[in-house]
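Number of protein chains: 2
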Amino acid sequence: MSGNGLLVVLSAPSGTGKGTLVKLLREQDENIRLSVSATTREPRKGEVDGRDYFFKTVEEFENMIKNNELIEWVKYCNNYYGTPREFIDRSLSLGHDVLLEIEVEGAANIKEMFPESVLVFVLPPSFDELKKRIIERGTEKSEVIQMRLEQAKKELRYISRYDYVVINDKIEDAVQDIRSIINAEKLKYKRNRNILAQIGICKQEGCIDD
Amino acid sequence: MSGNGLLVVLSAPSGTGKGTLVKLLREQDENIRLSVSATTREPRKGEVDGRDYFFKTVEEFENMIKNNELIEWVKYCNNYYGTPREFIDRSLSLGHDVLLEIEVEGAANIKEMFPESVLVFVLPPSFDELKKRIIERGTEKSEVIQMRLEQAKKELRYISRYDYVVINDKIEDAVQDIRSIINAEKLKYKRNRNILAQIGICKQEGCIDD
Chain Y
1 MSGNGLLVVL
11 SAPSGTGKGT
21 LVKLLREQDE
31 NIRLSVSATT
41 REPRKGEVDG
51 RDYFFKTVEE
61 FENMIKNNEL
71 IEWVKYCNNY
81 YGTPREFIDR
91 SLSLGHDVLL
101 EIEVEGAANI
111 KEMFPESVLV
121 FVLPPSFDEL
131 KKRIIERGTE
141 KSEVIQMRLE
151 QAKKELRYIS
161 RYDYVVINDK
171 IEDAVQDIRS
181 IINAEKLKYK
191 RNRNILAQIG
201 ICKQEGCIDD
Chain F
1 MSGNGLLVVL
11 SAPSGTGKGT
21 LVKLLREQDE
31 NIRLSVSATT
41 REPRKGEVDG
51 RDYFFKTVEE
61 FENMIKNNEL
71 IEWVKYCNNY
81 YGTPREFIDR
91 SLSLGHDVLL
101 EIEVEGAANI
111 KEMFPESVLV
121 FVLPPSFDEL
131 KKRIIERGTE
141 KSEVIQMRLE
151 QAKKELRYIS
161 RYDYVVINDK
171 IEDAVQDIRS
181 IINAEKLKYK
191 RNRNILAQIG
201 ICKQEGCIDD
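Sequence lines, in order, name chains Y and F. Just so we're aligned, residue 1 is where the first sequence starts under this note's numbering, counting upward by one. Just so we're aligned, residue 1 is where the second sequence starts under this note's numbering, counting upward by one.
With the rest of the complex left out, here is chain Y:
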């Protein structure tokens, strides 16, 4: 990973409250940049192209794949989803932390390509609560709700691949948890091998006597 930015991958089953969580995180932490995914799925009511997703036709999306413009992509619920490469590379090199909201297979791909990325799985306080939230959102037809619930169950199987688990019960606590994770990860020695030189104790990594 270039620069000092942290790549934070956030996965959460539908109805976990991911949208609000990401909104608050961005409001509270100016250094966070949100990666916007490309997709071929239909925009939901209120969704804006370029803000919520880059909405693409199947042909456009397949061209992005061919041109290597995506760092990962998957087909899921009969639609393509993918992560544009350029924005992430640029943001990390500028020292920004990049938040990537993607589903579980995409997350596994990211971890493979960026081993220093941090994977966070957001859970609802209970499965009943998850059902309730998906139904209350009311933007989906009943068969779509059922598909999303099944999908949520499938996604939960991937939880062991994640570095951290955050329960979104009280949203402010969940935001604070993710901010703690970002802060702590940046304090890891493995991300600061040059620290003694940085603070003027020595000139080279690892040495203290020069």
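It should be emphasised that the hints constitute simulated quantities derived from the structure, not laboratory data. A couple of the hints might just be wrong.
Identical chains share a label here; the pair holds if one copy fits it or two copies do between them.
As the list claims (entries may be wrong) - When the alpha-carbon atoms are kept at most 20 Å apart in a straight line, the in silico EDC-like pairs for lysine to aspartate or glutamate are as follows:
1. Lys45 <-> Asp97
2. Lys186 <-> Asp169
3. Lys141 <-> Glu69
4. Lys188 <-> Glu116
5. Lys188 <-> Asp169
6. Lys18 <-> Asp52
Position chain F relative to chain Y; hints supplied.
Relative to chain Y, chain F alone:
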């Protein structure tokens, strides 16, 4: 490690401001318990037996070693230092986080015995600042100051064994950093393998369909 408590090992060269850091941490986080070390060194002015250290004679200390009452001990600057076992076991099993302030060799021993412990190295903002702080403390003779500076340099060699590095420049930031580390560590999936069962999504670790 029994219970859900986290064992946090804090090492910091003399003059890094460890004392104030620990004081503020304990004030801000009620769940933290401070392990008090046993030592054969002379009490400094203002130090209280049982609060700052358990001050022991060499004979008493060597008896504690024999009776397996210490989880680790070292001889350093011609004095014994060790960590009493019972307090730590009890606190962790009650779910408290235990803060252990020890020097670098002791820390390595702890990590070996408790692989799930978290090692944090606290650094001064610069080596010049470290010298200044040791000299300003003014409680030590000049040859002791020199010995402590040499010791600090030796301790810095161990930094790569630590999980996290915190720079104590602004004390409030350093306190916040350590609190982030504790919070984030508890959110790690490896410490929450039973999470899906805990929130009622399934009955057994790893399963989601039962």
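Results of checking the hints against the structure:
no. : hint              : in the structure
1   : Lys45 <-> Asp97   : neither (29 Å within a copy, 47 Å between copies)
2   : Lys186 <-> Asp169 : between (26 Å within a copy, 16 Å between copies)
3   : Lys141 <-> Glu69  : neither (33 Å within a copy, 65 Å between copies)
4   : Lys188 <-> Glu116 : both (11 Å within a copy, 15 Å between copies)
5   : Lys188 <-> Asp169 : between (28 Å within a copy, 17 Å between copies)
6   : Lys18 <-> Asp52   : within (12 Å within a copy, 46 Å between copies)
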